[in-house]
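Student: Use these hints to put chains D, L, Y, H and X onto chain G, whose structure you have.
One-letter residues, chain by chain:
There are 6 protein chains.
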Amino acid sequence: MTRIDGRSADELRPVKFARGWLEHAEGSVLVESGRTRVLCAVSVIEGVPRWRKGSGLGWVTAEYAMLPRSTNTRSDRESVKGRLGGRTHEISRLIGRSLRGIIDMSVLGENTLTVDCDVLQADGGTRTAAITGAYVALHDAVTWLGTRGLASSESVLSDSVAAVSVGVVDGEPMLDLKYEEDVTAETDMNVVMTGGGSFIEVQGTAEGAPFSRSELDELLLYAETGCARLTELQREALAS
Amino acid sequence: MTRIDGRSADELRPVKFARGWLEHAEGSVLVESGRTRVLCAVSVIEGVPRWRKGSGLGWVTAEYAMLPRSTNTRSDRESVKGRLGGRTHEISRLIGRSLRGIIDMSVLGENTLTVDCDVLQADGGTRTAAITGAYVALHDAVTWLGTRGLASSESVLSDSVAAVSVGVVDGEPMLDLKYEEDVTAETDMNVVMTGGGSFIEVQGTAEGAPFSRSELDELLLYAETGCARLTELQREALAS
Amino acid sequence: MTRIDGRSADELRPVKFARGWLEHAEGSVLVESGRTRVLCAVSVIEGVPRWRKGSGLGWVTAEYAMLPRSTNTRSDRESVKGRLGGRTHEISRLIGRSLRGIIDMSVLGENTLTVDCDVLQADGGTRTAAITGAYVALHDAVTWLGTRGLASSESVLSDSVAAVSVGVVDGEPMLDLKYEEDVTAETDMNVVMTGGGSFIEVQGTAEGAPFSRSELDELLLYAETGCARLTELQREALAS
Amino acid sequence: MTRIDGRSADELRPVKFARGWLEHAEGSVLVESGRTRVLCAVSVIEGVPRWRKGSGLGWVTAEYAMLPRSTNTRSDRESVKGRLGGRTHEISRLIGRSLRGIIDMSVLGENTLTVDCDVLQADGGTRTAAITGAYVALHDAVTWLGTRGLASSESVLSDSVAAVSVGVVDGEPMLDLKYEEDVTAETDMNVVMTGGGSFIEVQGTAEGAPFSRSELDELLLYAETGCARLTELQREALAS
Amino acid sequence: MTRIDGRSADELRPVKFARGWLEHAEGSVLVESGRTRVLCAVSVIEGVPRWRKGSGLGWVTAEYAMLPRSTNTRSDRESVKGRLGGRTHEISRLIGRSLRGIIDMSVLGENTLTVDCDVLQADGGTRTAAITGAYVALHDAVTWLGTRGLASSESVLSDSVAAVSVGVVDGEPMLDLKYEEDVTAETDMNVVMTGGGSFIEVQGTAEGAPFSRSELDELLLYAETGCARLTELQREALAS
Amino acid sequence: MTRIDGRSADELRPVKFARGWLEHAEGSVLVESGRTRVLCAVSVIEGVPRWRKGSGLGWVTAEYAMLPRSTNTRSDRESVKGRLGGRTHEISRLIGRSLRGIIDMSVLGENTLTVDCDVLQADGGTRTAAITGAYVALHDAVTWLGTRGLASSESVLSDSVAAVSVGVVDGEPMLDLKYEEDVTAETDMNVVMTGGGSFIEVQGTAEGAPFSRSELDELLLYAETGCARLTELQREALAS
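Residue numbers (the UniProt record's numbering), protein chains in the order written: chain G, 1 to 240; chain D, 1 to 240; chain L, 1 to 240; chain Y, 1 to 240; chain H, 1 to 240; chain X, 1 to 240.
Chain G with its partners taken away, still in its complex shape:
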C-alpha cells in the first residue's frame, strides 16, 4: 500500500529543526514536519505562579495556538472571539504535561519556563510536532540558564521527549498522519514518549468504529518506532 505522499506505513515525514529562529527568546525552534510548521519559543521568567511560591520548585507551562491562515480555510482568531476553544485548551495542557514529565523542578529553582507553540502552517500532527520541537527549544533555554549559572542543564532535564501521531486509515495502521489521512482515520492516537522509551501520554480515540486491543497494540508499536526516530533527529539537531 502506498500513502498519499508516497511514504510507507511506518515512515515519518521529513523533519527539520531551525534552532534560534527568534532572537529574543531564550530558546526557540521552527520545527517542520512535512508541511506542518510550528514556531516554538521558550521564555525564561523569574518567579513561579502564586500557588507555587515558596516551594523552591520551578514550573513549566505551555500555550498552543494556530495562526488564522495556518489552515486550509481561514479560522477566526480566538483573541477576537474573546475565548479559547476547547481544542486549544486541551492541546496546551497536553504540551505542558509532556514537558513537565522530563523536568526536575527542584533543580530549576523558582523559575518558570513558558513554552509558546504557534502553528504557522498546519498539515496534521501539529500538537505532536509542537512537543517534539518544544523539547529542542527547551533544551536551548536550559543551556542558556546553565551559562548564566542559574541551573545546570544536565540535571534539569531527566530525559528527552518526542511525540508522534498514529492512526488506522482504511483499515491500515499508519505512522505520522498528514491532514488528508487524519480526517479519514478510523482511529487516531497521539503518543508522547521519553528518549528512554517510556510513555508520558497515550491518547487514542475511535473517530469511526471502536478499536480492538490488537489494533491498539499495533499502533503503539508504530508510535514507539516513530518516537525513537524523532529522538535521534532531536539529538542530531542539538549536536549541530
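Each statement offered as a hint is correct.
Cβ pair distances, simulated, as ranges: (1) D:K53 <-> G:T147: 54 to 60 Å; (2) D:L238 <-> L:T225: 44 to 50 Å; (3) X:V80 <-> L:A9: 54 to 60 Å; (4) H:E46 <-> X:V80: 30 to 36 Å; (5) X:S8 <-> G:V183: 51 to 57 Å; (6) G:S106 <-> H:E46: 41 to 47 Å; (7) D:S75 <-> L:R50: 17 to 23 Å; (8) H:L221 <-> G:R87: 52 to 58 Å; (9) G:S106 <-> X:V80: 24 to 30 Å; (10) D:D76 <-> X:R235: 56 to 62 Å; (11) L:T225 <-> D:S55: 54 to 60 Å; (12) L:G208 <-> Y:E23: 33 to 39 Å; (13) X:E180 <-> G:L221: 53 to 59 Å; (14) X:S106 <-> Y:L238: 48 to 54 Å.
Worth flagging that the hints you see were computed from the coordinates, not collected in a lab.
Think of the CB as a built atom: it goes at the ideal place given N, C-alpha and C, for glycine as much as any other residue.
Tutor: Just chains D, L, Y, H and X now, with coordinates in the frame of chain G:
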C-alpha cells in the same frame, strides 16, 4: 495490599443508577460510584447545529460541570468567572465523543441529544462515572424517542458504553481510583469501552514517572475487567 | 376554587429537608417544595473579602444557579455563555441579603459563609425554596463552627428566616405558586420573613394588571401564614 | 424632626423635567430630583426581538447605567470591566417592567421602544427618578409615533407611571431619601405606582433590622403620597 | 461656497464651556461645539497604576464613551456587548496622550487624574471637543489640587491644549466638520495643538481618494487657526 | 551622526519579501525589515459582511497581532486574556484603512479579502512593515482572483501602498526607527503613501515635547523618501 477503603486492587466501588431522577428530562440518571455522584440528563432537541443542517444526520453533544461544593474545598463557579476552564472543556469533549461512538446518527434523524453531566459530589472518577451514567440516561431518552415513533432505540444504539479509571499507586496497578488514590497516582488512565469489549478512548498520563509498555498493558487489562463489570451493571439497571 | 394540584389557596406544597446531603460541605440541605428541588451548600471559608478586612466582621454571600435541565425545556449554561443573566444576579443578591438579615457579623469573626443554591429541578418558587433551605444548611454550618470553638451558633443567628411566594391567579390570591400558576399570575410576590414574624424583603410585581392596596394586604397575609408554617417545618427539621 | 436638607418627612425634593433635551431621540427628558440627574432617552426602533416576531405585539425594554463620575468617588466603567454588575441588571429590569405595566403592546404594533436611563449625577433615588422621567420621555416618543400615524398615543398608554423611594431612617419613616439618608436607612423601599393609584412594583428591603407589618404600612402610605405628587408634576410637564 | 449651516470654510461652530457641571468631580465641564455635547469629568485619585509606583511621578488617563442615543440612530452599549470597540479604545488613548503632553508628571506627585469624556450628543468632532473640554476640566482639577496644597497648578500644566477637526469636503478644505460634512469628507484630519502653537498629535486619513502634500499643508493651516481660536475661548472660560 | 546600527538618518533597514511563504493562503508574504518579521496572509472569502450585502461591493479587512515572544520580554496572549488591547485594535484598523485606500471595491465584487498580519519578531516599525508586506500579499491574492476569472488584478488595485515610520530622536529626524530609537523618540510618526506619492494616512504623535510645524515638514520629507524606496522594492519583489 489493601486499599484505603478496603477494596482489592481490581475491585470497583459500589455503583448505583437512579433512573428518571429528573421529571422534565427525556432521560436522566443519578449515578453513584462510591461517594462520587453525577446527575446525567439527556435532552432531546429538535434540529441539529447549523453546520449539520440538511445532512439528515443527528448529533450528540455533552457538557460536564462541577457544583462549587462538590469538592473538598469550594471551587469558584465558571459562570461567575466568565470562562470555562481547560479541564471542563476537555471532559465535555471526551463525554461527547464517547457517546457518539455508539450512536447511529442516520437513524437518529436531525435531532440533537444534549447530555448534561453535573457532578454533585466528587470523590475521583467523575468523568468516567459521567460516561457510564450518561449511557443509561441516553438509553432512556432513545426509548422515549421510540415511543414517539421518532426513532427505534435498537437501531440508534449500536452498542453500550462504559468508562473506568485505572492507575498505578505506590507501584501497584489499581482499578477505579478514589480521590486520595488519584492524587498520589504515578500514572492515571481513563478508558472508555463498548459493551462488546472494543475501545473508544484510551487516555493515559504519567503524573509522576513515565510508564513502561508492560505497565500500560497491565492497566489496560484492569480497565477491560472494570468496563465489563460496569456493562453488566448498566444492563441490570436498564432491565429493572 | 381548587388549584391545579388540589391544594387550597393558602396551602403550601409538601416540604422536605434532607440535611447533610453533601459530605464535603460544612452545612448542606436538599430542600424539596413539591417538585422543586434545590441543593443548598454552605462553605465556611477563612477570611473575608478585601473591602472587609480588618473590620473584625464576618461575611455571608450567596450564589444561585439552575442546572440546564432543571427546567421544562433545556436552558443554556451561563458558564458556556460566559456571563450571568440578570435574573441570576438578582436572585443571588436576594438570597445573600436575606441571610445577612439574621446573622450577627461580629460574632462570626472574619470568616465567610458562602451559600450555593443550585436548582436541580424547577417547578416554581425556586428562589424562596433556596432561602428556606439555605437557612437550615446555614444553621448546620454555624453548629459546625461552634463545635470547632470558632463561634457560638446561638449568638451568630439572631433569628431564623424563611421565604414564600404568593400571587394573584385568575383574580384569586394564592400561596406558594407552582410553575403553571406562576406563569399565569397577574401579580407575583416574594416575601422573606424572620421566624419572629418581621419582614426582611418584600418584592411584589404586577405581571399583568397593576394591583391595589387591598390586594397587596391580602397577599401579605397569605405570606405571613406561609412563612410561619415554614418556620415550624425548619424547626422540626433541625430538631431531628 | 428636620431632615438633612430641611425637608419634612413626607416632602419630595424639587423635581424638574427638561423635555427634548436630546435632538436625536424620539423622546428625551433630563429629569432632576434634587441633585440627582438622569438623562432618559426613548428610541423608537422598527421590529421586535426575535422571540416576539410575528406576534403583532410591540416591546419596551430599558437599560440603566451610571456615568463613572456621577458618584461621590469614581466608579469603574462596566464597559471597561467587560460585564454588567448585578445592580445594573436589576435596575434595568425594574425600569422595563414598570413601563411595560402601562403599555398596550397590541396598539404599539411590532415596534420596540428602547429606554436609556443614564445617571449623570447621583444623590439617591436614581432608579425611581429614572422611572418617573422615563414615563415623560416615553409619552413624547408615543406622541411622535402618533404624528407619524404609527400608533395613537392615547391608546398606547393605559395610564401614567411614577416611582419613589421611602425608608426608615433613625426610626422615622421618610419619603424620597437622598444619598446620606439612604446609606443610613434601616429599611429601604422602592415603590412604582400608576397615575390611577395602583401598584406596579413594591420592593422593600431590611438593610438593618427586619421591619414590622405596621412599619411597612406606614411606608406604603408615604409612597402613595409621593407618587401622587409626582403624577401631578408629570402632567404639568407634559402640558407645558 | 457656503456650508450646510451657513459657516465659512474656516469658521468654528459656537463653543460653550459650562464649568462645574457636576458637583462631585474635582473638575468638570459640559462642552458644546454646535450640537455636539460632551461631559468631561476629572477625578483626582490618590496613587498611580502599579507599574508606576515608587517613581514619584503622577499619571493622567482618559476614557471616552458615547451614550447609546447620542447618535442619530441608537447604538448598542459597549457594557452590554461586554467589550470596547476599536474606535472607543483609539479615542480614549488619543485623549490621554494629548493631555499628558502638557502635564509635568513630577510636579503632580503620585496622583492620578482620570478624565471621563462622555458624549451626550454627537454631531461630528466629538473627540476634538472632548480634548478641548477636558483641558478646561483638568485645569479646574489642578486648581483644586493647588487649594489643598497637593500641587501648584502653574507648575503642573506646562501649556494648554486644544483640538479640532479639519477635512476636505467636495474638494474644499474646511474647519470643524459637523456630522453631515464628516461622512462625505474625502480627507479627515484631527489635530491637537498646545496653546503655544506646537503639535501634540496629527492624524490625517484619506477616507476617499489619497491626498497630496499641498492639501495636507492647507489643512494644517486651517487646524492652526482653529486651535488658536479654541485656545482663546478656553482662556476666556477659565477667566470667568 | 551615526545611528545605533550604522545607518544614515534617511536610510531604510534592509527589506526582504518572501512571497508564497504559506501554502494555503491565496496570497502570503513573510516581510522582514531588519530584525522585524511580519507574516502577512491574505484570504479570499466569498461574500461580504452583513451590512454590505447586496451592494455589489467587496470588502477588505485586516487583523494585526503579535506572537507572545516576538518581543524582548514575553507578553501575555490576548486570546488568553480574553480581550483585544487598544493598540491591537488601532493597528488592525490602520492596516485595513490603508489597504482599502487603493482597492476598487466595485471591481472586487462581493468578495472579502481578509489580511492577517502576525508579527513573528518585533524590532520597531511592525505596523508599517505589516502594511508594506500586506500590499505584496494582496497583489498575489488579486492575481489569484484574476486567474480564476473572478476579477482583473489591474483594475482592482488603483495603486500600490507602502508605509514607514519617521521620528525625532535626540533632536534629529530619522527614517525607519528600530526599537531602541523608537522608545527614545520625542516625536513618532507613521506615514502611509501610495506608489503615486499621495498620502493615505499621517499619524504623528509627540511622545516627549510637542513638535513644531518645521519639524513636521522635515519628517514628512523623510517619509516621502522612505515610501518611494519601499515602492521600488515592492515592484522588484512582485516582478521576480
